[in-house]
Each structure stands twice: as structure tokens, then as C-alpha cells.
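Student: From first to last, the protein sequence lines stand for chains A and B. Residue 92 in the numbering used here is what sits at position 92 of the first sequence, and the numbering runs on without skipping anything. Residue 96 in the numbering used here is what sits at position 96 of the second sequence, and the numbering runs on without skipping anything.
Certain hints may be false.
Unchecked claim - Below 30 Å or equal to it, Euclidean Cα-Cα: the simulated DSBU-like pairs (lysine-lysine) are:
1) B/K22 with A/K20
2) B/K65 with A/K267
3) A/K20 with B/K65
4) B/K65 with A/K243
5) A/K303 with A/K172
6) A/K159 with A/K303
7) A/K13 with B/K103
Unchecked claim - Here chain A is said to cover these stretches of chain B; the calculated rule only asks that three of the stretch's residues, wherever they fall, bring their Cβ under 8 Å from a Cβ of chain A:
8) 55 to 62
9) 67 to 77
10) 83 to 90
11) 110 to 121
Source of the hints: derived by calculation from the structure; they are not laboratory data. All C-beta atoms, glycine included, are put in the ideal place defined by N, C-alpha and C.
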Amino acid sequence: MRKTAIVGVGCTKVGEHWDKGLRDLAVEASLRAMDDAKLYDVDYVLVGNMMSGYLQNQEHLGALVADSLGLRGAGAAKIEAACASGGMAVHIGCQLVASGSADSVLVVGVEKMTDATTPEVTKALAMAEDQEYSAYMGASFVGLNALVARAYMRAYGVKQEDIALFPVICHKHALNNEFAQFRFPITVEAVMNSPIVADPLHLLECAGIGDGAAAVLLMPLEEARGASDSPVEVLASTVSTDKFSLHQRDDFTSFRATRASAEAAFKKAGLRAEDIDVLEVHDAFAVLGLIALEDLGFAERGKAADLIREGGIEIGGEIPTNTFGGLKARGHPVGATGVYQIVELVRQLRGEAGKNQVPGAERGYAQNIGGVGTTITAHILGRVD
Amino acid sequence: MSASGYLREAPRRYRLEGAACKGCGAIHFPPRAVCDRCGGRDFEARELSGEGELLAYTIIRHPPKGFEGQAPYAIGIVQLKEGVRVLAQITDCDPAELREGAKVEAVMRRIREDGGFIEYGYKFRPA
Ligand SMILES: [Zn+2]
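Turn these sequences into a full structure, and let the hints steer you where they fit.
Tutor: Below, the structure written as C-alpha cells:
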């Protein structure tokens with residue numbers, strides 16, 4: 001297997017892009033990544049996306065994006081794994097390069113959500129779940145994650161105020177991210193006073209609805225050394241799945257797929273949690289951020305709130321997390337999210353994170369979740385010296 | 001949902017019909033093609049008791065399309081006495097008075113109306 005490197009990154013701002021469609025967003029992010037890498041000859045295009053079939057009546061995104069970029073003849077496909085579509089597209093892209101099947105792969109994650117009504121988006125998100133035995137009963141995606149939050153709080157005696165600190169820190173980090181959707185500070189009081197969406201989840205604990213696209217260009221590391229000034233190596237790219245529905249699992253307060261994908265990734269990279277300098281976790285709901293810190297080994301079970309309270313996930317802390325705002329504040333254009341995480345880690349490892357730069361960051365980890373802990377991808381990236 | 005799809009699921013939704021693995025005895029709901037405990041593929045139909053305990057619940061305030069008129073409503077994970085876990089609405093109660101550990105029982109109820117087609121299925125109520 002060949003070693004894989006990321007040689008270019010690009011993204012759009014996350015937000016309500018009333019003037020841009022799905023295709024426009026994907027093209028904008030892709031061109032930025034290609035310009036960043038100065039690489040215009042691409043063998044393969046992978047598009048991470050979840051909801052285009054339902055929200056835009058548009059499938060066949062691989063060829064659609066490849067053609068829009070003028071890449072006639074390139075291999076192309078859409079990769080879908082619910083909210084992990086972006087991370088999964090990067091994962092498959094890495095396999096194509098590592099195996100020698102492709103020498104240059106463009107991975108672009110994209111989602112266009114703001115043209116639809118909130119009940120339509122709520123229905124589309126619930127398509128990640130079993131339609132016959134979860135969605136049929138009227139369970140929303142938020143509702144299923146609320147079950148996780150309730151079980152977690154009960155199991156460990158964690159208070160809502162402690163969980164509410166997570167989005168407060170994400171919003172603080174997003175202040176310095178020009179691509180973030182929500183660039184304003186919030187307080188624990190504001191989170192606690194925001195409306196309840198599904199008990200016990202408050203609105204400000206939940207990622208919002210936004211449009212966006214992010215792209216990365218992958219090449220074999222050996223070729224990347226000559227082609228790029230600042231390649232970043234993909235030290236590991238793994239994925240794991242769990243029992244499809246949350247309610248069928250034994251434990252609602254920890255995700256087996258996070259633990260399994262992390263174990264495989266750390267083994268492959270020959271690293272441990274303490275070797276990671278910067279972390280991206282899938283905080284679609286604040287409690288998922290806490291559970292991720294525990295499942296990844298940065299905190300004991302039920303103790304993530306202590307780490308957060310002590311400043312551990314802030315820039316300069318023990319494990320700076322979601323340094324561009326995470327899903328909550330950067331925004332969560334579903335199929336793009338996993339690619340945004342990779343773009344942000346690359347910026348940190350190249351030393352291009354501006355005011356949010358983690359000094360001396362050499363290795364980053366990204367966790368992307370599809371469904372309620374059902375499909376989870378892990379990526380470990382490393383600076384190349 | 002199509003009428004044929006609806007009818008196909010009827011035994012599960014009307015009678016909580018699960019499957020018992022002939023290899024290891026594990027009970028599954030809904031029935032599966034492959035037992036995820038022993039890998040077996042032989043099952044016999046097993047109607048579940050509908051008696052169980054509420055493990056976790058939430059109150060849906062922003063419902064998905066098709067459930068708009070029903071919110072707020074409670075959704076919970078129920079562990080049936082056969083050991084199987086199911087997700088369903090918790091009905092016939094004040095959601096504010098629910099608590100984990102409560103004994104519940106299955107009832108047949110209208111789930112929603114979809115373009116004049118009324119869909120039914122199991123919900124749970126305090127026993
Ligand atoms: Zn069995």
C-alpha cells in the first residue's frame with residue numbers, strides 16, 4: 001500500500017447561500033482545493049453527500065461535479081453514509097490512492113439544506129435511521145440523540161450546565177473562522193435559556209441547518225513531496241459500524257464504532273491518544289462531544305465535563321478541540337462536515353490557523369459520525385517534515 | 001408509504017411478531033435473516049408479550065414531516081421482558097410524569113395519517 005498525502009484544501013463559508021445551488025457550492029470548494037494544490041489533473045472525484053436525492057431531486061453527483069469541473073473521463077461517484085458521508089468519502093479516496101487505483105483524487109463534501117422547510121430537513125435527517133422501526137414511530141434525529149443525552153446524564157450524574165460548556169467553547173473558536181456560520185459568542189446561560197427541541201436538548205446544543213462544501217486533494221505521499229510545499233500525510237483512515245439502531249445496543253452512553261475506528265487508526269499510525277495535538281469531533285449535539293472525548297481516550301467515562309471545565313479543549317489546553325467551531329458553530333452542512341474537519345486539521349498542521357493556531361501542532365484526529373453512532377470514520381493526519 | 005410495504009410490516013406492527021433463533025434461542029425484533037449472536041439462519045415466529053420497562057425517553061417538540069399535529073409527544077426505548085429493545089411512542093400519560101424504570105405495556109394505536117391512509121402500530125403506555 002502507498003502512503004497518502006493531502007496536497008490541497010478548500011471550502012466555502014457555511015451559511016444560507018440563497019444565491020448558490022448544490023453544484024455551485026461543490027464547484028467553488030473544489031476549485032479552491034485545486035488552486036491551493038495547483039493540481040488540475042484529477043483521476044477520480046468522490047462527492048460526499050447525504051440528502052441531494054430528497055432535497056434537490058438530484059442524484060448522480062459524481063459525474064455531475066466531475067463534468068462541472070471539466071474533468072472529462074475521470075472516475076466519479078457519490079459516497080453516502082448519512083452524516084458521515086464526508087468522512088467516508090475521504091476514507092474511500094485514501095483507499096484509491098493507497099491501493100494504486102488512482103494517483104490524484106478530489107474529495108468534495110457538499111450539502112444544500114436551506115432551500116427546504118425545517119420539517120422537510122427533519123425528515124431527511126431521519127432517513128439516516130431505520131424507516132420501518134424508528135422513523136415510522138415519529139422519532140426525529142434530534143429525539144434519538146436526546147435519548148443519548150438523557151441516558152448519559154443519568155448514568156454519570158452530569159449536569160446540563162456542564163454539557164452546555166461545549167458549544168460555548170465551539171462558538172468562541174468560530175469567532176476567528178471566516179468560513180463559520182455562527183460567528184458570535186454564547187454563554188452557558190444562553191444555552192440553558194434556549195428552547196428545548198427534544199428533552200433535554202436545548203436549541204443551542206444542536207448544530208443548525210446550513211449550506212456548504214469542503215474539498216481536499218489526495219495524492220501518493222512520494223509524488224506529493226515534489227508537487228506540494230506543505231503536504232500533510234494521512235497516517236490512518238479507518239471506519240467502523242455498529243448495530244444500526246441505538247435502541248438495539250446495550251449501552252447508550254458510548255459509541256462502540258468510535259472506539260473501534262480509533263483503536264484501528266491508532267494502531268495503524270503507531271500512535272496513542274496523547275500523541276494527538278488537535279482534535280475534531282462530531283458535535284452535532286453537545287453531548288456527543290463529551291462522549292467522543294471519552295471514547296477516544298482523552299477523558300475517563302463520564303468525566304469529559306471535568307476536562308472541558310478545566311479549559312482542556314481550548315487552544316492551549318490539553319487537547320484543543322473543534323478549533324474552527326465544530327459542527328455547532330462552524331456549521332453542519334451534513335455531507336460536507338467530515339471534509340470540513342479534514343480541511344481544518346490540514347490548516348492547523350500547516351500552521352495556517354491564524355489566531356486559533358495550536359502552537360507546534362504535528363498530528364490531528366478527526367471523528368465523523370453517521371446516524372446515532374452507527375457509522376464512524378477516523379482520520380489521523382500528520383505534518384510532513 | 002406504499003400499501004404493500006405497509007402490509008408487509010403488519011405482523012410486526014400489529015402483533016409485535018419477533019423471531020426466536022433455533023440455534024441459540026436469542027429473540028429478535030424485528031426478525032432478522034442472520035442471528036447476530038450465533039450466525040444462525042433458522043428462526044421461528046415468536047409473538048412478544050408487549051410487557052416491559054422504560055429505559056430512556058424524550059419528548060419530541062419539533063416533529064418530522066407527517067407528525068406535525070401530534071407534538072409534543074414522548075418517544076422511548078422499552079426493554080421487553082423477552083430481553084428485546086424497541087423504540088416507540090409512550091402514550092396515555094402526561095410526559096412530564098414519565099420516569100426511567102417505569103413498567104409499560106404495548107397498545108395498538110394510530111401512528112399517523114398519510115394522505116388519507118391511516119397507519120397503525122404499537123405504542124406503549126404505563127402499565
Ligand atoms: Zn442465534
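Student: Check the structure against each numbered hint from earlier and tell me which ones fail, lowest number first.
Tutor: Structure breaks hints 1, 2 and 7.
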